[in-house]
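Required output: the full structure, derived from the provided sequences and hints.
If you read the sequences in order, they're chains A and B. Mapped onto this note's numbering, the consecutive letters of the first sequence carry residue numbers 563 to 871. Mapped onto this note's numbering, the consecutive letters of the second sequence carry residue numbers 2 to 541.
FYI, nobody ran anything at the bench for these hints, they're computed from the structure. For every residue, glycine included, the Cβ atom is placed at its ideal position computed from N, Cα and C.
Okay, the calculated bits of chain A under chain B, using three or more residues with CB under 8 Å as the criterion:
1. 763-771
2. 779-786
Restraint ranges, calculated between C-beta atoms of paired labels, are given here:
3. B:Pro-382 with A:Ala-724: 41 to 49 Å
4. A:Leu-754 with B:Met-357: 19 to 27 Å
5. A:Gly-701 with B:Ala-413: 47 to 55 Å
6. A:Gly-701 with B:Glu-133: 54 to 62 Å
Calculated from the model, a selection of chain B residues having no Cβ within reach of chain A, i.e. all distances over 10 Å:
7. Gln-74
8. Gln-125
9. Glu-151
10. Ser-162
11. Val-242
12. Glu-312
13. Glu-324
14. Ala-346
15. Arg-407
16. Val-415
17. Gly-511
18. Ala-519
19. Tyr-524
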Amino acid sequence: MSAPDFDSLSVEAASVLRQPSAWDRVRQSGSVRLGGLVLLLLVLIALAAPWLGTVDPSLFDPASRDLLPGKTGEITTLEGETLKHRFLMGSDSFGRDIYSRVIYGTQVSLIVGLFTAIVAMALGILFGLLAGFLRWLDGPLMRVMDGVMAIPAILIAISLVAMWRGSLSTVVVAIAIPEIPRVTRLVRSLVLSIREEPYVEAAVSLGTPTWKIMGRHILPNCVAPLVVQGTFICASGILTEAILSFLGVGLPPDIPTWGNVMAEGRAQFNEYPHNIFFPGIFLALTVLAVNILGDGLRDTLDPKMAKRV
Amino acid sequence: MTVSAHQTILEVRDLTIALPSDGDRSTAVRKVSFTVGRGEIVCLVGESGSGKSVIAQGVMGLLPKTLPVTSGQILLQGEDITHAPLSRLRELRATRMSMIFQEPMTALNPVMTCGDQIDEVLSQHSRLSPLERREKVLAIVREVLLPDPERMVASYPHQLSGGQRQRIMIAMALVLDPVLLIADEPTTALDVTTQAQILKLVLDLQHRHGAGVLFITHDFGVVAEVAHRVAVLRLGDLVEVGLKHDVLQRPQHAYTKMLIGAVPTLHLKQRPLDADAPVVLKVQRLAKTYVDKRWIGPDRSVHAAQDVSFEIRRGQTLGIVGESGSGKSTVARCIVRLVDPSAGAVLLGSEDIAMMSVAQLRPLRRRVQIVFQDPYRSLNPRRTVAQAMVEGPMNYGLGRADALQRARSLLALVRMDASAMDRYPHQFSGGQRQRICIARALMMEPELLVADEAVSALDVSVQAQVLELFEEIRSRLNLAMLFITHDLRVASQVCDQLAVMSQGRVVEYGPAHQVFGAPQHEYTRALFAAAPGRDFAFGA
Numbered sequence: 563m564s565a566p567d568f569d570s571l572s573v574e575a576a577s578v579l580r581q582p583s584a585w586d587r588v589r590q591s592g593s594v595r596l597g598g599l600v601l602l603l604l605v606l607i608a609l610a611a612p613w614l615g616t617v618d619p620s621l622f623d624p625a626s627r628d629l630l631p632g633k634t635g636e637i638t639t640l641e642g643e644t645l646k647h648r649f650l651m652g653s654d655s656f657g658r659d660i661y662s663r664v665i666y667g668t669q670v671s672l673i674v675g676l677f678t679a680i681v682a683m684a685l686g687i688l689f690g691l692l693a694g695f696l697r698w699l700d701g702p703l704m705r706v707m708d709g710v711m712a713i714p715a716i717l718i719a720i721s722l723v724a725m726w727r728g729s730l731s732t733v734v735v736a737i738a739i740p741e742i743p744r745v746t747r748l749v750r751s752l753v754l755s756i757r758e759e760p761y762v763e764a765a766v767s768l769g770t771p772t773w774k775i776m777g778r779h780i781l782p783n784c785v786a787p788l789v790v791q792g793t794f795i796c797a798s799g800i801l802t803e804a805i806l807s808f809l810g811v812g813l814p815p816d817i818p819t820w821g822n823v824m825a826e827g828r829a830q831f832n833e834y835p836h837n838i839f840f841p842g843i844f845l846a847l848t849v850l851a852v853n854i855l856g857d858g859l860r861d862t863l864d865p866k867m868a869k870r871v
Numbered sequence: 002m003t004v005s006a007h008q009t010i011l012e013v014r015d016l017t018i019a020l021p022s023d024g025d026r027s028t029a030v031r032k033v034s035f036t037v038g039r040g041e042i043v044c045l046v047g048e049s050g051s052g053k054s055v056i057a058q059g060v061m062g063l064l065p066k067t068l069p070v071t072s073g074q075i076l077l078q079g080e081d082i083t084h085a086p087l088s089r090l091r092e093l094r095a096t097r098m099s100m101i102f103q104e105p106m107t108a109l110n111p112v113m114t115c116g117d118q119i120d121e122v123l124s125q126h127s128r129l130s131p132l133e134r135r136e137k138v139l140a141i142v143r144e145v146l147l148p149d150p151e152r153m154v155a156s157y158p159h160q161l162s163g164g165q166r167q168r169i170m171i172a173m174a175l176v177l178d179p180v181l182l183i184a185d186e187p188t189t190a191l192d193v194t195t196q197a198q199i200l201k202l203v204l205d206l207q208h209r210h211g212a213g214v215l216f217i218t219h220d221f222g223v224v225a226e227v228a229h230r231v232a233v234l235r236l237g238d239l240v241e242v243g244l245k246h247d248v249l250q251r252p253q254h255a256y257t258k259m260l261i262g263a264v265p266t267l268h269l270k271q272r273p274l275d276a277d278a279p280v281v282l283k284v285q286r287l288a289k290t291y292v293d294k295r296w297i298g299p300d301r302s303v304h305a306a307q308d309v310s311f312e313i314r315r316g317q318t319l320g321i322v323g324e325s326g327s328g329k330s331t332v333a334r335c336i337v338r339l340v341d342p343s344a345g346a347v348l349l350g351s352e353d354i355a356m357m358s359v360a361q362l363r364p365l366r367r368r369v370q371i372v373f374q375d376p377y378r379s380l381n382p383r384r385t386v387a388q389a390m391v392e393g394p395m396n397y398g399l400g401r402a403d404a405l406q407r408a409r410s411l412l413a414l415v416r417m418d419a420s421a422m423d424r425y426p427h428q429f430s431g432g433q434r435q436r437i438c439i440a441r442a443l444m445m446e447p448e449l450l451v452a453d454e455a456v457s458a459l460d461v462s463v464q465a466q467v468l469e470l471f472e473e474i475r476s477r478l479n480l481a482m483l484f485i486t487h488d489l490r491v492a493s494q495v496c497d498q499l500a501v502m503s504q505g506r507v508v509e510y511g512p513a514h515q516v517f518g519a520p521q522h523e524y525t526r527a528l529f530a531a532a533p534g535r536d537f538a539f540g541a
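Set out below in structure tokens:
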């Protein structure tokens, strides 16, 4: 029945596509490169903040109030020394250096973004796996998630911070909680579709215990959409933190965050727009970079989702 | 059947269509030439990736921008339409050439009634009044032999069966009497009895309308049923064109010879059976009912399988054949306990696993293993072949080194190189992946191997190889096998016993030679009569 020259004639062997690996596609994506580059720059700025010609962001000097960008003035250190300082981005109504506050603010924003994503993903993955695998828990758990989704994210965050007092960790948790339902839904839907895949059924018939199936076969195949979702949570976390600070319900005003800087500049926006302009630029740039990175990752890692959205 | 192309309708001359630069070859089709005459059916045959659908799209002017025609000509009744503007192509489609597709559910608009969809073709391309159009719609629906035309015209696609939808597609394609009909695998998604009816319909209509038909298929049985002339494609090259009888019985090119040699015959391969071999699996009155519990009103239930009984002895193969929805896969999944049976017994040796709890079942799972239909989804894309293969035995306490040792010897058994161990599934073709899946199942040293449509997704030449592998494994390891398939040709090659299922019940069960030789049940007879190309003697 079989022809001896099967191998030379078979179309099959020749038709195995030489597909570039996912990692190759990611590296070649323009959006990933652009977003990643800008983000890398911001991380470097955050790490190198003390050496970028900044002063302690909480220092102030009544003599240098409301300076325009580029003006030189004086600033007093905690030891009482008075230094000559060039206010690259001007100063606020307390005489604090906006450049230093914005640069140090980068640290806060990136930390908030990163940790919000981590917290929301960790809890979302846990709940999603539970809902997808334990059918009896699915209904109750998902209704709770629906309930959380029904309340505007910013309202939940404001009330949580108000309950716990503002600190970095409470702000992160407060921002992460409204994001959890979305991750849960994503993971649940992925689990429900992947658990029907023949390779999962094969694992069942190979006697693999359920928890191993989750860790070995299901979770690794959820990674691509989760990474994409993670970047979007990161971007929205950064934005929400700025909103909370701007509204005065986020981190305490003495901590330099972009939202705090903008909140202080709000009253004098007409005369001294630089108070809002510079942190605003940084905020927009950061969120844009994370979103572009996320778009690029989605297009390369998760082509099906790219077509849908 | 005069096949001299006294009036050429379609002429394809030296057609070359490029592939994007990241493809596995530079051209989708290369210097392909053939003609379709009036009243002639030309079958374009090839395995997946041969470029047969690309040619159809090229003729219809439906090629995506990434696949440009780089040279050659397409002439429709003498008019060069290779680079015709969109407006001209739009005029030609439906009026002079039309196409039917593989999957009628996705080719029809789900939110328009079937009548409106046929009517749309008429209103776009003719100046008939609404009343005349309605008459014409009903006439064509009658012509494709749909029952109760009034009701069909008012139905939405999802309310019709697959065969009825394909008839609507055909009605839509023929309503304006085109001179060329392109059929792209029009019966591949259909059951064999429906396929037989649709093929007959296409033949009748083609005969009556005198259109030329370009019929694309991978199935030589279908070719034997419908073709006047056959063109064989291999990786974008046309390797052979000729009259049906010449190509199918005296193929010239080595590739055609191999393809036709790989078509499973309907002749049983008989071999002596040991009637005293121990019974490995005994299924008694197995039933599976899916119940849809509802808040209001009575629960709805579907009887996927009812009263199914059979047994398999060591070293023998039981085939379950049936059409989609017959319950054959449900039975297989109940035996592997991927779904829980509702009633009945599944005796594995002396133990009844039908109602066992998960914990009780665990030690017994290794004795029954399954190979699935889709080789692309049967392996976790993120785990290497070695990881996939050692997973099972290591669940039962075998050491990694021993498991790897066994994996290597089993890869050799399924004729895969040992270098496959560290590679990922995407680096293999469908046939290779199916071999890996078989090896993975054998890692457990099962007593019973279940093959659920395990060769259905494979191209015919690969299918022949995998079938041969199954046969070899069964005899070498003295395994019992349960072989689920919709394809009678495949069943005739491997089965010792045969069970025919229809609507959840076994309608006929017995030794294969008896079921094939003297089918008792009406449904079995219908199934055999519908097998395409059953009377045709293929010669390699």
